[in-house]
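The listed protein sequences correspond, in order, to chains A and B. Under the working numbering, the first sequence is numbered contiguously, ending at residue 383. Under the working numbering, the second sequence is numbered contiguously, ending at residue 1308.
Worth flagging that the hints you see were computed from the coordinates, not collected in a lab. In this text the structure is predicted, and so the values were computed from the model without any measurement. One or more of the hints may lead you astray.
Below, computed lysine-lysine pairings styled on BS3-like, alpha-carbon distance capped at 30 Å [stated by the list, open to error]: (1) B/Lys-1065 <-> A/Lys-133; (2) A/Lys-280 <-> A/Lys-268; (3) B/Lys-1224 <-> A/Lys-114.
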Amino acid sequence: MTTDNSGDVRLSGISKTYGSFTAVHPLDLTVPQGSFFALLGASGCGKTTTLRMIAGLEEPTAGTVHLGDQDVTHLPPYKRPVNTVFQSYALFPHLDIFENVAFGLRRRGVKSVKKQVDEMLDLVQLGEQARKKPHQLSGGQQQRVAVARALINHPKVLLLDEPLGALDLKLRRQMQLELKRIQTEVGITFVHVTHDQEEAMTMADTVAVMNGGRVEQLGSPTDLYENPRTTFVANFLGSSNFIEAEVDSRSGEEIMLKAGGGKLSLPKARCSAPTTAGGKMLVGVRPEKISLTHADDAGEIPEGRNRITGKIANASFIGVSTQYVIDSAVCPEFAVYVQNVERDSRLVPGADVVLHWSPAHTFGLDAAQDIDAGIETVEEEAA
Amino acid sequence: MAAVTEVPPPLAPTAPEKAPRKRGRWTPYWLLLPGILWLVVFFALPLVYQASTSVQTGSLEDGYKVTWHFATYWDALSEYWPQFVRSVLYAAAATVLCLLLGYPLAYLIAFRAGRWRNLIMILVIAPFFTSFLIRTLAWKTILADGGPVVGTLNALHVLDITNWLGWTSGDRVLATPLAVVCGLTYNFLPFMILPLYTSLERIDGRLHEAAGDLYAKPFTTFRKVTFPLSTPGVVSGTLLTFIPAAGDYVNADLLGSTDTRMVGNVIQTQFLRVLDYPTAAALSFILMAAILIMVTFYIRRSGTEDLV
């Protein structure tokens, strides 16, 4: 089982166009057997189209889809060893839960389905509901039926199209853990489409962030969060502060930058922009990586940290942390999240402060992109 | 989230809110009134009147009196049972034909027509813009002896088969059972297509995708998902076709002969020519009861209580 690659999904140069609109630009992607892979992006970014091309519900305009060594590009969905959990589930309303789950087995001519269906319903804790109709179940239960209906066929790959989108927040968190548990238990390749970055990060081993029909960046959740390569990724996953800076000098593995009146240091490995001296660059840092020190104590800040001075414009206490908005010369709305461990009572709006963080938490991006990419789309999605 | 402090409930306004509410309670009944009046005057009263007519005896000269003469029912049934059987058979045949012709068309409109959908819908409804009579008379021309339809059917030896089955006779289509059933099918086809279309159109397209994803071939998807989900449309379509077809007399009158008389023709003759009102009323009630029983049985069997 360990060297089995029949559950690999390989997309080579796959693309989809509708008339003059390109939904997915030529894309190469390999999802290894047994992994939990997430396609993350705002609506209309091409993630669902990509998923539907794997399922066979959409014919690619160009390119091929392989499952393991089998070329399935032109196979109809009913001949592909993949199953889909549809957005809003698409349960058959005229069949009871048992028959919904048994549907795939019966179509493949399996005679005695009772034992398998019962086992599968137990796995998703719905044994008691077998004879109910879908509309008699709650959203969370329907979602589990949809998962059971797909998983019972032992597909090589399970495709999940925004499976938790219709659930409320609390249930969604619960189902995320549940799906992750099931995936670990059955060891099937999961390809999960979502617009919820938190969902992608908690569940997936590998996340591909899509934007405008292209994969912006692919990597582990930590890698994407700590080392974004584009402003879109930096904004779409969590939030980021950006400073427009100019390359001053390079010394070994370190790049020195000028921003406002001060200097910032950036490890070369964390920079995805050209580093010619005098060139512009966007320097990013996550709000929670920043420490806040009152200007009076500036002398206590250790050497070698990146610093910026500013004035607290706003502070909101949200329990575990306090979120500050700092007005600084390099960025008018600098966000800083400070854990509420030891609260400094001097840090109130109007106070002069020094923001400082480790250069290892800094990342450098190409200046020739929209600073706000990925922000609006997140808000639209929430609305 | 739990509220930190109790918010006092807003003071219950008493007097100003009660007045409009009281008026509001009667609004539904006022809205029902015109409809109820209409039904009482044009449905309930005639029904009672017909019921009383059916148990009257007498003659046109001496006048009719209610004598609770229920034997009229038995006499009517024993004399006209062939026409009853014929009505049911013709209506059933027309309903089956409507379903066979209408389902594929409704399916096409609902799932495949794309931008042609509205045009096809208009074509389905367009015949209603001409009178029922004119359309049926047109069929008389279409099926006329020696006309192209009869000629073609004859050349293809279709008439040999229909003659053998007793649906046509000799070289004629007009004035045979086939002509009457064709007329019924034509006239009631839209009543089959429209509910079928509504029912098919409501089916979530993702269910087809889900069935395909779960290894159902296209025809299996139709058999296991599309058709079962369209049963409300099938049931209401067949009812909307069968019920009026069973009581129809225009098609049998214009396209048929004395051998194809349906119960509707008998009722019409009894009322308007023979002027035997009790027999006509009794026949109407027997027809109504027969249809009610058949429909009840049918709905029970198909298990569809929620008709579109």
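Decide if the proposed pair is consistent with the structure: B/Lys-1224 and A/Lys-114, CA atoms, cutoff 30 Å inclusive.
-> Judged against 30 Å, a Cα distance of about 19 Å means the pair holds.
Is B/Lys-1065 within 30 Å of A/Lys-133, Cα to Cα?
-> The given pair, whose Cα atoms are some 58 Å apart, is violated under the 30 Å limit.
Restraint check for A/Lys-280 with A/Lys-268, where alpha carbons must lie at most 30 Å apart | 15 Å, holds
In this structure, the one hint that does not hold is number 1.
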